[in-house]
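Since the structure of chain H is already known, use the hints to place chain B on it.
There are 2 protein chains.
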Amino acid sequence: MTGPDSEFDLIRRYFAEPARTSPDVLLGIGDDAALLGVQAGQELVVTVDTLVEGTHYFPDHPPASLGHKALAANLSDLAAMGADPLGAVLSLTLPSVDHDWLAAFSRGFLALAEQASVPLVGGDTTRGPGAISVTVLGQVPAGQALRRAGARPGDRLVVSGALGGAAGGLAFEQQRREQGQPTDEQSPDCARLFWPNARLALGRGLRNRARAVIDISDGLLADLGHLCAASGCGARVDWSQVPVDPLLEGQPEEVVRDWALAGGEDYELLFALPPTEPLELLSLSVRTSLTVIGEFTSGSEIEVVDAEGARLDVARRGHDHFAG
Amino acid sequence: MTGPDSEFDLIRRYFAEPARTSPDVLLGIGDDAALLGVQAGQELVVTVDTLVEGTHYFPDHPPASLGHKALAANLSDLAAMGADPLGAVLSLTLPSVDHDWLAAFSRGFLALAEQASVPLVGGDTTRGPGAISVTVLGQVPAGQALRRAGARPGDRLVVSGALGGAAGGLAFEQQRREQGQPTDEQSPDCARLFWPNARLALGRGLRNRARAVIDISDGLLADLGHLCAASGCGARVDWSQVPVDPLLEGQPEEVVRDWALAGGEDYELLFALPPTEPLELLSLSVRTSLTVIGEFTSGSEIEVVDAEGARLDVARRGHDHFAG
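Sequence order for the protein chains is H and B. Heads up: the first sequence at position 159 corresponds to 159 in our numbering, and the numbers run straight through without jumps. Heads up: the second sequence at position 186 corresponds to 1186 in our numbering, and the numbers run straight through without jumps.
Bound conformation, chain H alone (with noise of 0.2 Å):
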């Protein structure tokens, strides 16, 4: 993390104070490399995740949010690892220095470091096309981090929240653009697009309880067939019982259906729980919403059913940025 001095000053000057302020950091933004340290009988838990200008994120996307999702993003794979955060370092390459776009987006970066506690500890800024690079570490107590791999057939399959309002979010904002309107972050129906919650205190809460864990970044079905082809096994999901984002009323089936099951970003955690886990307890002590949509089943398949148990299709499983 060595920077000539004007590199340096960018990354000191939008993001070094709130490091200083975590017990774990011994060293934060300044020096080769940060220090800190990790408590005993904890694994170190880490987690990357790059957003690309163009590909993840229009040019114009409001900086703040953009701060606050890039590292809600790295978050939610700590929160379905069961992880606490630790720390995060950032590199940010930008086309050209640009003061209020750098003080905003450091603001809704700092902002969720300062609630979540993860102090930033280190970065690094390049000159280039628009990129966002977010490394966030984690620990958790030895043998206990959530893994995709567990789940059983005959274990519940339970998701937090509801889905498909990032999907939503985003489809209302690029109808507001193609008529010309101007973005707004703060648009109620753009919450969930532009201000992602990361589900820590759920992966805390599912330690020793659920078999396995994934967070939705590609979309339900994409992300469960992760989950199914890491455990070895295949899934139902009964459509009737997935929770919907209320921002999704009045919109056609069709777009309903895939929204939630296939749009990514909604940042929910979806797990097994084994049959023995009472649900209605958990779901108290970690205070979030939790539905059981369907159960893990032997063989590699997963498919979704209607209320009687009709198979139904679905037509998009989820997103691939190098697809097409």
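Simulated from the structure, these hints should not be mistaken for laboratory data. Do not take every clue at face value.
[Claimed, not checked] Beta-carbon label-pair distances, calculated as ranges:
| id | chain 1 | residue 1 | chain 2 | residue 2 | range |
| --- | --- | --- | --- | --- | --- |
| 1 | H | Arg-12 | B | Ala-1201 | 27 to 33 Å |
| 2 | B | Thr-1276 | H | Gln-39 | 31 to 37 Å |
| 3 | B | Asp-1098 | H | Arg-311 | 35 to 41 Å |
| 4 | H | Pro-95 | B | Pro-1141 | 28 to 34 Å |
Don't be surprised by glycine CBs; every beta carbon is placed ideally from N, CA and C.
Below, chain B without anything else, positioned relative to chain H:
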């Protein structure tokens, strides 16, 4: 690190194998995050570095060298902290999926990863303008990390190896390009440019010996500036003592001086050695050539002098990716 199938498969296909070999890696590529064991009594070190196509490397930079360099730059930051590598995560942004390129890039990256015992534990691939972001984690015995702060007036200023080889290699490579000759990544005059080494063993050897350490990535004078700023002191560099790469023989004096004092990417270590610490023993124990090139002074000035102590004017002190 959730990703749709084909992104996920790119990382798994080209990078997944070696992570399984390290006892520190509890869970490698393929889950929401990686899991690492950190030994008791160790502090965690984390650093990130991003290379952007067009800014840090030519679009046709030989991909095996690029994989090597992206990791080496980060390992050099670990070396400058006196840390042992623990693991790396890679975020790769590519304009398109070029399997030959990926095979060569991963070969270069993984060969160095194996040599330096730094397993790749996680990754992320995205479509977009070319960029390579690597985060490296390391560990260092508690309290022994080598920082930039700590140099005191009267300490000797010491550098490892020789300087200017990377800048010289880049100039020769640019000359060849202007003459329409193909890039030869095995050309001896480009060894430092294409296949830099991180001084990990030296970094370890400097624990409890050096008072302050930095790696030379931006150029001797620029990085010395960072070290002096952090330590709150100045420095005097005796140009006649600076070890210059043999590659630069026969070049005009002002060119040699520019490449050795202001050229970046040599990845040698620059450090403050207290007067009580014998240099020769240290040099033998780390099997690295070490040279005293000056001393730390009070004040904040960094001056370059000749063998007679007369001050030399130095035009360029380092490069800045955001400068003009």
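Okay, the hints, checked on the actual structure:
1. Between H:Arg-12 and B:Ala-1201, the C-beta spacing of about 31 Å keeps the proposed range 27 to 33 Å intact.
2. A C-beta distance of roughly 36 Å is found between B:Thr-1276 and H:Gln-39, which places it inside the suggested range of 31 to 37 Å.
3. At roughly 40 Å, the beta-carbon separation of B:Asp-1098 and H:Arg-311 lies within the given 35 to 41 Å, and the hint holds.
4. A hinted range of 28 to 34 Å for the beta carbons of H:Pro-95 and B:Pro-1141 is inconsistent with their spacing of about 42 Å.
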